[in-house]
Amino acid sequence: MIRYRLSPQLLWALLVGQLVVLIPYFPILPFWVYVIFFIAAPWRLMVAYGYWSLPKNYMVYGVVILGALITFLNFGWSRDGAVTLLALAFSLKLLELKALRDSMIIIFLGLFLLAIYFLYSNSIGAAIYIFAAFVLLTIVLIGLNRIGDILPIRGVLQKALILLLPAIPLAGILFIFFPRMEMTLWPASDANRMGVSGFSNTVEPGDISRLAQSNRVVFRAKFKEREPLQKDLYWRGLVLSLFDGKRWVATDARSTRTQLKYEPDADRLSYEVFLEPTHQVWLFVIENLFRAKGEVVRTPDERLEAKAPVQKRFNYEAISILQEVPPFEKGVFEANERLPLNVNPKSRELAKKLFSKAKSNPTQYISLVLNHFRKNAYVYTLKPPGLSPKNAIDGFLFYSKKGFCEHYATAFTFLMRAEQIPARVVVGYQGGEFNPYAGYWTVREYHAHAWSEVWLPDMGWVRVDPTEVVSPHRIELGIDEDIKAEIARKTRSFLVAWLESSRIKPYFAHFLWGAEAVETFWQSLVVDYREEDQKLFLRWFSFSSFSWAPFMLVLLVLMGAVFIFFGFTFFSKRVFVPPQDPVLKAYHLFCRKLAKIGIIRKVGEGPQDFMDRVIHVRPDLRQIVGEINELYLDLRYRELDHDKQAEKDFYKRVKRLSV
Amino acid sequence: MRSIPVSNLPRESSLLSRLFKRFQKIKKHWERREPLSDRVVLKYHRIFVLPTKNGLRFLLICSVLFLASVNYESNLGLFFCFLLFWVAIVSILPTYHNLAGLIVEARLSEPAFAGQDLYFKMELKNQSARTRETIRVRWKEGPRVSISLLPGESQMIGVPIPALHRGLFRPGKFRVYTQFPLGLFYAWVLVESPTECIVYPKPAQREGAFSHFLSRFYKEGETSQEGKEDFGGFRKYQPGDSLKHIAWKALARGDEVLTKEFVHPISKTLWFNWNKVSIPDKEERLSFLCRAILEAERMGHHYGLLMPTSKIEPHAGEPHKHRCLSALALFEEKNQ
Numbered sequence: 001m002i003r004y005r006l007s008p009q010l011l012w013a014l015l016v017g018q019l020v021v022l023i024p025y026f027p028i029l030p031f032w033v034y035v036i037f038f039i040a041a042p043w044r045l046m047v048a049y050g051y052w053s054l055p056k057n058y059m060v061y062g063v064v065i066l067g068a069l070i071t072f073l074n075f076g077w078s079r080d081g082a083v084t085l086l087a088l089a090f091s092l093k094l095l096e097l098k099a100l101r102d103s104m105i106i107i108f109l110g111l112f113l114l115a116i117y118f119l120y121s122n123s124i125g126a127a128i129y130i131f132a133a134f135v136l137l138t139i140v141l142i143g144l145n146r147i148g149d150i151l152p153i154r155g156v157l158q159k160a161l162i163l164l165l166p167a168i169p170l171a172g173i174l175f176i177f178f179p180r181m182e183m184t185l186w187p188a189s190d191a192n193r194m195g196v197s198g199f200s201n202t203v204e205p206g207d208i209s210r211l212a213q214s215n216r217v218v219f220r221a222k223f224k225e226r227e228p229l230q231k232d233l234y235w236r237g238l239v240l241s242l243f244d245g246k247r248w249v250a251t252d253a254r255s256t257r258t259q260l261k262y263e264p265d266a267d268r269l270s271y272e273v274f275l276e277p278t279h280q281v282w283l284f285v286i287e288n289l290f291r292a293k294g295e296v297v298r299t300p301d302e303r304l305e306a307k308a309p310v311q312k313r314f315n316y317e318a319i320s321i322l323q324e325v326p327p328f329e330k331g332v333f334e335a336n337e338r339l340p341l342n343v344n345p346k347s348r349e350l351a352k353k354l355f356s357k358a359k360s361n362p363t364q365y366i367s368l369v370l371n372h373f374r375k376n377a378y379v380y381t382l383k384p385p386g387l388s389p390k391n392a393i394d395g396f397l398f399y400s401k402k403g404f405c406e407h408y409a410t411a412f413t414f415l416m417r418a419e420q421i422p423a424r425v426v427v428g429y430q431g432g433e434f435n436p437y438a439g440y441w442t443v444r445e446y447h448a449h450a451w452s453e454v455w456l457p458d459m460g461w462v463r464v465d466p467t468e469v470v471s472p473h474r475i476e477l478g479i480d481e482d483i484k485a486e487i488a489r490k491t492r493s494f495l496v497a498w499l500e501s502s503r504i505k506p507y508f509a510h511f512l513w514g515a516e517a518v519e520t521f522w523q524s525l526v527v528d529y530r531e532e533d534q535k536l537f538l539r540w541f542s543f544s545s546f547s548w549a550p551f552m553l554v555l556l557v558l559m560g561a562v563f564i565f566f567g568f569t570f571f572s573k574r575v576f577v578p579p580q581d582p583v584l585k586a587y588h589l590f591c592r593k594l595a596k597i598g599i600i601r602k603v604g605e606g607p608q609d610f611m612d613r614v615i616h617v618r619p620d621l622r623q624i625v626g627e628i629n630e631l632y633l634d635l636r637y638r639e640l641d642h643d644k645q646a647e648k649d650f651y652k653r654v655k656r657l658s659v
Numbered sequence: 660m661r662s663i664p665v666s667n668l669p670r671e672s673s674l675l676s677r678l679f680k681r682f683q684k685i686k687k688h689w690e691r692r693e694p695l696s697d698r699v700v701l702k703y704h705r706i707f708v709l710p711t712k713n714g715l716r717f718l719l720i721c722s723v724l725f726l727a728s729v730n731y732e733s734n735l736g737l738f739f740c741f742l743l744f745w746v747a748i749v750s751i752l753p754t755y756h757n758l759a760g761l762i763v764e765a766r767l768s769e770p771a772f773a774g775q776d777l778y779f780k781m782e783l784k785n786q787s788a789r790t791r792e793t794i795r796v797r798w799k800e801g802p803r804v805s806i807s808l809l810p811g812e813s814q815m816i817g818v819p820i821p822a823l824h825r826g827l828f829r830p831g832k833f834r835v836y837t838q839f840p841l842g843l844f845y846a847w848v849l850v851e852s853p854t855e856c857i858v859y860p861k862p863a864q865r866e867g868a869f870s871h872f873l874s875r876f877y878k879e880g881e882t883s884q885e886g887k888e889d890f891g892g893f894r895k896y897q898p899g900d901s902l903k904h905i906a907w908k909a910l911a912r913g914d915e916v917l918t919k920e921f922v923h924p925i926s927k928t929l930w931f932n933w934n935k936v937s938i939p940d941k942e943e944r945l946s947f948l949c950r951a952i953l954e955a956e957r958m959g960h961h962y963g964l965l966m967p968t969s970k971i972e973p974h975a976g977e978p979h980k981h982r983c984l985s986a987l988a989l990f991e992e993k994n995q
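If you're matching them up, the sequences are chains F and B in order.
If you're matching positions, the first sequence starts at 1 in the working numbering and goes up one per residue.
If you're matching positions, the second sequence starts at 660 in the working numbering and goes up one per residue.
Honestly, the hints are just simulated from the structure, not real lab data.
Remember, it's a predicted structure, so these values are computed and weren't measured experimentally.
The reader is advised that the hints may include incorrect statements.
Computed from the model, here is a short list of chain F residues facing chain B with C-beta under 7 Å [to be verified]: (1) K159; (2) L163; (3) L174; (4) I176; (5) F177; (6) P179.
Here are the simulated SDA-like pairs of lysine to any residue, each with C-alpha atoms no more than 25 Å apart in a straight line [what the hints assert, rightly or not]: (7) B:K908 to F:G606; (8) B:K908 to F:R613; (9) B:K895 to F:G76.
Just so it is clear, CB atoms sit at the ideal spot from N, CA and C, and this is done for glycine as well.
Using the sequences provided together with the hints, build the complete structure.
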């Protein structure tokens with residue numbers, strides 16, 4: 001059996017293909033996978049060049065088992081674990097590459113890894129990259145199946161495209177018809193790497209500012225009728241009612257449902273929210289929720305929750321009323337008055353003082369507290385100093401005086417409760433970024449916000465946002481440019497940081513918006529293609545309910561079409577007609593003439609030898625044959641460009657020859 | 660030696676040749692059921708296409724990907740999966756066309772000794788306008804020969820076949836196949852050739868039973884090394900002369916090809932007689948004679964062969980050697 005030898009050039013091509021597959025996985029795979037690859041690749045190269053030999057099989061298997069153990073310990077039975085194992089096998093297979101089959105298996109693993117990347121990102125950029133990588137791997141695959149040591153890229157690329165270009169529309173058709181059903185074959189509860197930040201159901205000072213470090217998109221909102229103002233955009237997410245001295249915790253709201261009554265001409269906002277996966281149930285709606293539509297459920301504390309944790313992009317619609325004071329009817333809980341004892345004594349003192357100043361009038365009291373914030377050099381900053389958990393609010397109100405929104409909100413709520421005014425902390429997002437090209441608002445993590453709600457008799461729950469007084473700028477105009485730049489710097493997206501902080505921002509803003517619009521279009525068209533879209537499409541073909549039947553039908557039809565096309569290609573007769581070289585033609589005539597007298601030119605006999613033989617048999621032809629031969633050698637071998645006249649002369653001479 | 664006209668010239672068409680062509684055509688038509696000819700054009704009704712093992716692995720990958728995409732509800736993963744599927748299906752066409760229309764012609768093969776590999780010569784011709792890449796030929800489970808053919812190109816290949824027994828050997832069916840371009844499917848044809856090859860008997864070992872016989876080949880006083888030869892002049896080269904004896908220096912000077920003649924002062928004429936070899940087993944006897952002929956040829960003696968069925972006058976040279984060895988190969992051969 002012939003031993004398989006992988007030429008260095010082909011191996012390089014294979015390695016480039018492997019690298020292209022591994023690059024996008026850099027944030028996902030553990031670093032040691034890359035270490036292994038960068039050991040295996042040069043090793044295999046040395047083998048291909050003939051300097052080293054392959055390691056023994058058991059050594060390679062040993063590394064695989066070791067790697068598998070480490071992976072299992074780190075990741076358990078999960079998608080990330082499986083991908084790591086595959087990448088490990090993908091890299092180590094190089095050291096077991098002994099036959100064509102092995103190199104093809106590497107390519108197959110590479111294709112699989114490329115496709116699996118779509119479980120991590122499905123942006124249009126990722127799609128373009130993966131597709132380009134797919135073309136590259138196909139080229140390498142074709143090259144491996146050739147004879148020869150080199151990879152003639154242009155020719156092979158052509159062959160690859162001949163295969164890929166018809167496959168794209170065929171795949172597209174199957175894609176459209178494939179029934180989208182909620183099929184979960186095995187638990188897919190992996191924390192999606194993309195959605196690991198976000199609220200939890202407790203908040204303590206420092207949490208929101210930590211959250212605000214990211215510019216990850218939380219959700220997008222499209223408004224019908226009219227666009228809101230920044231200050232209208234209070235997206236309520238969680239209501240935190242329990243304070244245990246350290247942190248504020250959301251509780252299950254236990255109360256009767258509240259009834260809402262609105263003025264008939266109340267200002268309303270109608271919108272649809274596209275929420276990125278959060279793995280939680282809480283949703284974000286603008287204050288004073290009136291109606292909601294989707295797989296959602298309303299809670300008694302006027303929030304909206306999804307029926308199941310949001311594992312993939314989730315849409316819902318809502319209508320909110322913008323009204324200064326909605327007339328609530330009920331909704332007081334003990335929890336909202338409770339404060340743990342012996343905590344934050346100084347704040348209690350302040351509360352007492354201000355409350356008596358307000359003559360026990362709650363509304364007045366609120367104003368005084370807000371005034372206190374306004375007048376006493378409080379600072380709103382993304383980087384507040386850390387506070388000791390015990391008397392955190394004291395520490396903030398009297399010593400540091402520097403806080404982010406949650407500091408102000410929790411302090412305010414505390415002060416309210418200290419005087420038996422029911423109050424609670426609300427966390428969510430405030431504001432958003434409007435994309436004029438796509439017509440929607442983008443809300444990111446750094447829009448995270450905390451504020452307070454106070455229950456006043458005759459009024460119900462009223463929103464009070466202390467941040468408004470400390471940093472009105474933030475509420476009116478949206479979060480500070482400086483803060484945004486700082487966030488971008490923190491998240492290591494230098495490009496964005498530079499863009500945010502530089503003066504070119506206005507110009508690039510449009511570019512960014514345009515890019516985002518394209519991305520969103522891509523998402524809605526391809527990535528989110530789901531049941532509803534499919535139903536609409538299928539209605540054209542009057543399939544009332546889609547299931548496997550139309551899909552299988554389409555599949556069979558397409559395969560039939562492919563094979564019919566295949567059948568037609570039987571009948572193409574393209575016979576190769578070699579170009580008629582006139583010099584060769586004339587020479588053949590010469591040979592034919594001589595064949596008539598019995599001197600047959602042998603296969604592969606050179607013109608010189610043939611001439612010698614002719615002269616030997618017929619010495620009388622020496623001169624003529626000699627001339628013809630010389631001419632032939634000149635025209636055929638010695639002179640690269642000769643004119644038609646010379647060729648014609650040669651032909652004439654041969655014609656004139658008589659034997 | 661059987662001769663096949665190997666002219667590469669376009670033939671004149673005369674009445675005779677036209678009739679001949681017509682006859683060939685009819686013969687071909689009748690032989691279509693049994694593709695038994697020296698020249699086979701690979702056509703669709705003989706080509707089969709099946710997935711390779713790698714194709715099945717690919718299918719496995721595709722299936723796992725499909726399940727994963729459905730489970731994690733990744734639309735793009737699903738699209739990629741369908742893309743892989745169709746690329747594989749579409750690749751059947753180029754794989755098929757790589758083979759369809761290929762012309763396979765049998766050629767004369769060099770005879771081999773039993774126990775060696777016989778290299779069955781074939782010519783593969785590509786008369787289409789596209790390159791045929793990685794065409795493979797093999798005989799049963801033997802080693803494969805892979806070639807690529809440019810448009811219009813022909814190549815001669817030798818397919819190794821283990822020659823086990825002496826005699827007239829007809830390899831019969833060859834598998835011509837290809838997996839290009841993706842290696843997921845392979846298209847194959849079984850080509851049957853009526854060409855027969857001669858397999859000489861395996862020559863006996865020089866040591867052992869033959870060694871005491873060796874002395875006969877040498878002149879008195881010589882050992883088993885090549886005897887000194889006296890130079891006896893030049894003569895014109897004849898096909899079959901040993902290459903060792905060509906006057907290379909003269910040729911380099913521009914003279915014609917000459918052979919140095921050596922005169923063995925006592926050049927022997929040996930007769931190899933079947934009946935005189937005292938080895939009971941027929942095959943061993945043939946091996947013995949085979950070795951004898953080879954040694955005689957090597958030493959430059961003239962030798963003749965006396966078999967029960969034939970008699971070959973003493974001579975020397977390659978054609979003579981072939982005649983003698985063939986006589987041995989075909990002696991009382993069962994398949995005759």
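So, going through the hints one by one against the coordinates:
1. K159: This interface hint holds because 5 Å falls under the 7 Å limit.
2. L163: holds (5 Å)
3. L174: holds (5 Å)
4. I176: With a minimum Cβ separation of about 10 Å from chain B (threshold 7 Å), the hint on I176 of chain F is violated.
5. F177: The hint is violated - F177 of chain F has no Cβ within 7 Å of chain B, the shortest such distance being about 10 Å.
6. P179: violated (10 Å)
7. B:K908 to F:G606: This hinted pair holds, its Cα atoms lying about 22 Å apart.
8. B:K908 to F:R613: Cα-Cα ~22 Å, so holds.
9. B:K895 to F:G76: Not satisfied, since the Cα-Cα distance of roughly 85 Å exceeds 25 Å.
Comparing the model with each earlier hint shows violations of hints 4, 5, 6, 9; every other hint is respected.
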